[in-house]
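Trainee: Sequence:
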Amino acid sequence: LALALVQAFAHPDRPAAADPASAALLALARRVGGSETGVLIQGPTGTGKEGLARLVHQASPRRDGPLVAVNCAALAEQMVEATLFGHERGAFTGAQAASPGLVRSADGGSLFLDEVAELPLPAQAKLLRVLQEREVLAVGATRPVRVDVRIIAAGNRDLAADVAAGRFRADLYWRLAVFPLHTLPLADRPADIIAIAAHWLLGRTGGDGLVPWLAPCAQARLLAHGWPGNVRELGNVLDRALVMCDGPDIRARDLVIDALAFAPPADRGPAPLPGVVRDAEHLAIA
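According to our numbering, the sequence shown is numbered sequentially starting from 1.
Think of the hints as simulated: they come from the structure by calculation, not from any bench.
Misleading hints may appear alongside valid ones.
If you anchor each label on the Cβ, the simulated ranges turn out as follows [stated by the list, open to error]:
id, residue 1, residue 2, range
1, S35, H182, 16 to 22 Å
2, A191, D239, 18 to 24 Å
3, P61, A165, 21 to 27 Å
4, H182, Q58, 16 to 22 Å
5, G247, A170, 53 to 59 Å
6, G34, G90, 41 to 47 Å
7, H182, R134, 25 to 31 Å
Idealized CB from N, CA, C, for every residue including glycine.
Use the sequences and the hints to build the structure in full.
Mentor: Dropping the structure here:
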């Protein structure tokens, strides 16, 4: 943990890694960052795809430009094209003013498209034109506008399978996946758990030197868990621990892990209390 804290202090903006495979992935991300090559990051939800995209951007000549991140799955279906590519005033009902769109907002920098597989086919066609022609046509516009943006895409689905099923354009896939990067579940890289925990705790405490220390018993409990929610679940557990601990150390009893949230349902009468509530009650009683 001491080494992990030192690394977190030295590089607070970099993803944390102690596993050799993760360290190699970060080195690869920094290497590809120096080029204009298309990058497609794939891996399960909560495995740090956005952090990897930020590393690619920070390692690029565009680092001083904006990094605009958008979750494509969160875009309203009727507004996808207007949100990404912009729109002219009066282009549709409610468009009282023109908007440049997220692609143009990232001009001179990078656009991170998370869950890119969720884009509808018409938006995929427009995105392909941005990549091929370096220009964007706003909704309601008659002339395209030049744009200088690097697109980094990510997703938790097998995009090649979506291409085979006709849900994703093959030509866009090959434009995005020039250099694929793959993130692994946290359970497959246990050496990262303590490093990520140290990095997370440092970020939550502001780096003012009052970083809670993970006691050996707490480290052992973290390493024993399977982390089906990956890094996001680990962050939740650590945030709870900061609330529960009452001293300089985080101990095993401070780690409220909601294991039941991922357990299959069983027909055993009335449903039990959620794991977090149950564990918190046990701690209060103790």
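Trainee: Look at each hint and say if it fits the structure.
Mentor: We went through each hint and held it up to the structure:
Between S35 and H182 the C-beta distance comes to about 18 Å, which sits within the given range of 16 to 22 Å. Between A191 and D239, the C-beta spacing of about 22 Å keeps the proposed range 18 to 24 Å intact. One distance hint, 21 to 27 Å for the beta-carbon pair P61 and A165, is violated here, with the actual separation near 37 Å. Between H182 and Q58 the beta carbons are some 20 Å apart, a value that agrees with the proposed interval 16 to 22 Å.
Between G247 and A170 the beta carbons are some 57 Å apart, a value that agrees with the proposed interval 53 to 59 Å. For G34 paired with G90, a C-beta distance near 43 Å keeps the hint of 41 to 47 Å intact. Our hint of 25 to 31 Å for H182 and R134 holds, since their Cβ atoms are close to 28 Å apart.
Of the hints listed earlier, the one the structure fails to meet is number 3.
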